[in-house]
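Protein chains: 2
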Amino acid sequence: MATRHPLTMTTLNPNIKKMAYAVRGPVVTRACEIEDELRKGLKKPFDAVVKADIGDAHAMGQTPITFIRQVLALVNYPPLLNEPLFPADAKQRARAILGACKAGSVGAYTESAGIELIRRHVADYIERRDGIPSDWRNIVLTTGGSEAIRSVLRLLLSGAGDDPVGVMVPVPMFPLYSVTLTEYGMHRVDYYPDEDNDWALDVSELERAAREARKICALRAIVVINPGNPTGQVLTRGNIEEIIRFAHREKLFVLADEVYQQNVYGDGVPFVSFKKALSGMPCRDDVQIASFMSCSKGYAGECGARGGYVELINVSSEVMAEYLKSVVVNMCPAVSGQACLEAIVNPPAAGEPSFESYREEKARVLASLELKARMVTDALSSVEGFSCNSIRGAMYAFPRLRLPPKAAEAAAERGLEPDTFYAFRLLEETGLCVVPGNNFGQKPGTYHFRMTILPSPGDLHAMLRRLASFHAEFMRTYS
Amino acid sequence: MATRHPLTMTTLNPNIKKMAYAVRGPVVTRACEIEDELRKGLKKPFDAVVKADIGDAHAMGQTPITFIRQVLALVNYPPLLNEPLFPADAKQRARAILGACKAGSVGAYTESAGIELIRRHVADYIERRDGIPSDWRNIVLTTGGSEAIRSVLRLLLSGAGDDPVGVMVPVPMFPLYSVTLTEYGMHRVDYYPDEDNDWALDVSELERAAREARKICALRAIVVINPGNPTGQVLTRGNIEEIIRFAHREKLFVLADEVYQQNVYGDGVPFVSFKKALSGMPCRDDVQIASFMSCSKGYAGECGARGGYVELINVSSEVMAEYLKSVVVNMCPAVSGQACLEAIVNPPAAGEPSFESYREEKARVLASLELKARMVTDALSSVEGFSCNSIRGAMYAFPRLRLPPKAAEAAAERGLEPDTFYAFRLLEETGLCVVPGNNFGQKPGTYHFRMTILPSPGDLHAMLRRLASFHAEFMRTYS
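In order, the protein sequence lines correspond to chains A and B.
For reference, each letter of the first sequence is one residue, going 56 to 534 in the numbering used here.
For reference, each letter of the second sequence is one residue, going 56 to 534 in the numbering used here.
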């Protein structure tokens with residue numbers, strides 16, 4: 056085959072070959088196979104696989120917010136505007152969206168940056184969030200948060216023959232960053248948030264990473280994920296200010312991944328956006344930030360809609376024009392995602408007919424996530440051999456495992472990382488699917504896994520018990 | 056500003072600076088300004104701008120197919136499944152889609168390659184179209200056809216330090232190709248379909264282009280757009296076979312842009328897919344093809360849904376696995392686009408309740424496009440100084456203009472290409488917005504413009520009359 060075809064494993068884009076996409080890695084693949092085996096009647100020590108591997112709220116049973124879905128149904132099928140089935144506020148939003156679409160159809164292309172009305176409402180949402188102005192012309196709607204992140208990283212690429220551009224990324228990190236840097240041929244510069252200090256960012260560690268990176272690449276940007284994925288931390292305003300001062304000194308573009316801004320739990324640290332922190336600092340005009348948001352997280356959890364936005368701060372109008380030019384290649388963001396975003400940033404207001412039910416549904420989702428964040432934190436902290444920071448935000452736990460040398464040897468015999476070996480054993484013996492820490496990156500010699508807090512409290516309870524007894528047995532076997 | 060910011064016009068990705076996106080170029084920008092001026096009450100020699108610049112059917116008043124929108128409303132808001140408002144077949148499709156979504160919600164991520172059920176139905180559609188087998192595992196659903204095209208071109212990129220990869224593209228072409236090749240740093244290898252022979256592809260011209268390209272790049276692929284955009288041709292099976300033999304000899308990957316496969320008019324040349332043509336040839340196992348399709352064109356015209364697919368032919372399972380890995384970066388295609396595609400490839404069948412109305416709506420759209428294709432062909436052919444091939448497919452006319460030297464001089468004084476100057480004058484004097492031929496590429500020394508056939512017959516009629524009298528006046532001025 057190889058010789059007669061132009062596209063083979065030999066000629067394939069080498070950067071694609073290097074890409075490893077960790078969120079859907081081999082453990083998840085095996086989990087899907089086990090689900091098939093269960094369907095075929097194979098006997099297992101469990102009845103069902105519990106997928107705690109991905110932040111996919113609806114897949115884990117979270118119900119959609121009614122108002123959002125009403126708006127989506129109405130814009131897709133406008134004859135429903137005449138039906139008494141739907142409340143007036145959902146109809147109002149749908150009419151406004153349709154009025155902003157060409158010839159009143161969501162089937163028309165929108166502007167490449169998204170519908171102006173929705174960009175304006177995103178700016179209003181940001182102003183309410185931060186208490187400072189937001190200019191809708193700096194906001195670009197995208198087909199999901201991932202596309203937004205990739206489109207901004209693309210702006211930073213260097214030309215052929217120039218030094219490779221370096222981007223600082225937290226380790227552990229959401230794997231989209233590592234895989235995109237690999238695809239783009241950018242230099243990945245790891246920095247390590249301090250696990251022993253609730254994953255805070257220590258400026259001396261940022262400086263170490265930057266110093267080493269400058270020897271081998273043109274360092275240009277830093278990614279910060281807040282609230283943290285997979286780490287679940289929420290950065291304090293003081294810590295954010297330190298990071299901004301560091302970025303200012305080092306002249307780095309800041310990619311602020313703030314897609315979990317609505318997922319903050321307890322009465323601990325509140326979410327503060329990088330933009331808001333910057334606004335109070337002397338360097339307020341000098342640091343460039345891209346802040347990312349998504350429909351997939353928060354209380355909506357609408358992953359399938361593929362809605363997201365980026366707000367660019369302190370980027371010149373000339374560069375903004377180039378950015379807008381570059382996003383035209385996708386024609387326009389999916390209109391479903393844009394409409395979903397509109398329903399999120401412009402929800403029912405007090406006095407509107409859906410207000411009470413919307414508020415109640417939203418509160419129920421957030422209360423459930425908060426309860427589960429506490430359940431998981433408590434359960435994992437009480438297992439001997441685990442340590443786990445409190446889950447203050449996002450939707451994941453990232454506990455650290457202290458694995459005995461024999462477990463590492465058993466893993467090595469199978470050609471696996473110790474925590475991958477652990478995750479495979481956990482899956483085979485309990486049906487619980489988590490993602491090994493090495494898929495997100497971790498400090499050398501440390502082992503972790505990421506699990507979501509999304510299963511129902513009942514499932515989560517059973518799962519955490521199975522995990523504790525599996526762990527005890529695993530430690531007995533390999534001690 | 057420049058010195059204190061990391062992202063400036065100086066540091067911006069140079070390939071993005073080089074990108075020029077032609078479908079939405081300066082003439083379209085000016086058309087939008089004129090619309091604003093009209094709204095503000097400025098006097099113009101016309102009442103409204105007619106946008107004949109982009110293949111955006113709904114924007115030009117084409118109504119959506121009811122069945123498609125019913126399915127979309129139902130999947131977004133499943134309580135509607137209990138309402139008598141909707142026919143049983145739309146409900147059946149919606150239930151099937153929801154049944155294939157995790158936990159029955161379109162808000163969950165789907166597989167990165169799209170929902171298996173829909174991939175299977177796409178394969179069924181292709182089998183019905185071609186009469187030969189299609190394997191659903193070779194089909195990947197995408198967020199629109201553009202994403203599909205870009206994701207396949209990405210597979211062909213070479214590594215740093217290797218020879219740049221060359222891709223043959225027709226001139227004129229859909230500008231997505233030129234802009235993506237620029238962004239990816241690939242080498243664009245122009246070939247010229249024969250305007251004097253209904254835009255047929257002459258193999259000696261392909262060979263010329265390939266021979267010249269091989270001196271300066273690693274030639275790896277050829278793009279063919281059939282039915283043609285902007286040229287409106289439909290290639291004969293014999294011509295397609297010649298192109299395939301050429302690709303085989305030269306070992307080129309074939310990107311078959313077949314998004315207009317449902318837009319073929321008259322009783323002239325029928326649409327034959329590259330896959331079908333290949334299936335009858337001795338090299339049937341040796342030529343690799345990617346065939347692209349979209350929800351945005353055809354009779355659906357659902358541009359905003361962002362649905363599309365690619366079928367890969369003769370690509371090894373190893374390379375397919377790499378491709379699937381590479382598309383994970385976008386998490387999953389927009390589910391609205393996937394559901395829209397399902398309604399297109401699995402429409403109401405004879406005996407189902409929506410069958411008659413669906414067939415009638417589809418026939419009405421296609422008959423209207425056919426009528427308008429003929430109207431435009433006839434009108435443009437009768438203007439002195441224009442020549443225009445028959446519009447046999449797609450939704451565009453691409454007439455050739457014979458412009459006098461004085462017009463070229465007047466254009467040069469303004470720093471414009473002659474056909475850009477013409478398009479600007481046409482816009483300012485008649486309100487008719489078309490895209491200059493140079494945005495698509497054209498043989499040196501020839502001038503064209505692209506106009507869509509999408510305005511209503513009434514608008515089109517008025518528009519073609521205004522165009523004819525504008526042209527006569529323009530020729531008088533510059534002769």
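A hint or two may mislead.
Which copy? The list can't say, so a pair holds if one copy fits it or any two copies do.
For lysine to any residue, the following SDA-like pairs were computed, each having C-alpha atoms within a straight-line distance of at most 25 Å [as the list claims (entries may be wrong)]: (1) 306 <-> 63; (2) 461 <-> 150; (3) 73 <-> 218; (4) 98 <-> 151; (5) 73 <-> 166; (6) 146 <-> 408; (7) 72 <-> 235; (8) 99 <-> 158.
These are calculated hints, taken from the structure and not from any lab test.
Predicted model only: the values in this text are computed from it and were never measured.
These are the hints, each one checked on the structure:
1. 306 <-> 63: Between. Shortest inter-copy distance 12 Å satisfies the 25 Å Cα cut-off; intra-copy 41 Å does not.
2. 461 <-> 150: neither (64 Å within a copy, 50 Å between copies)
3. 73 <-> 218: both (20 Å within a copy, 19 Å between copies)
4. 98 <-> 151: Neither way: residue 98 and residue 151 sit 54 Å apart in one copy and 29 Å across, limit 25 Å.
5. 73 <-> 166: Answer is between; shortest inter-copy Cα gap is 21 Å, intra-copy 35 Å.
6. 146 <-> 408: within (11 Å within a copy, 28 Å between copies)
7. 72 <-> 235: The answer is both: 12 Å in one copy and 21 Å across copies each meet 25 Å.
8. 99 <-> 158: For residue 99 and residue 158, the Cα distance is within 25 Å only across copies (22 Å; inside one copy 56 Å).
In this structure, the earlier hints numbered 2 and 4 are contradicted, and the remaining ones agree with it.
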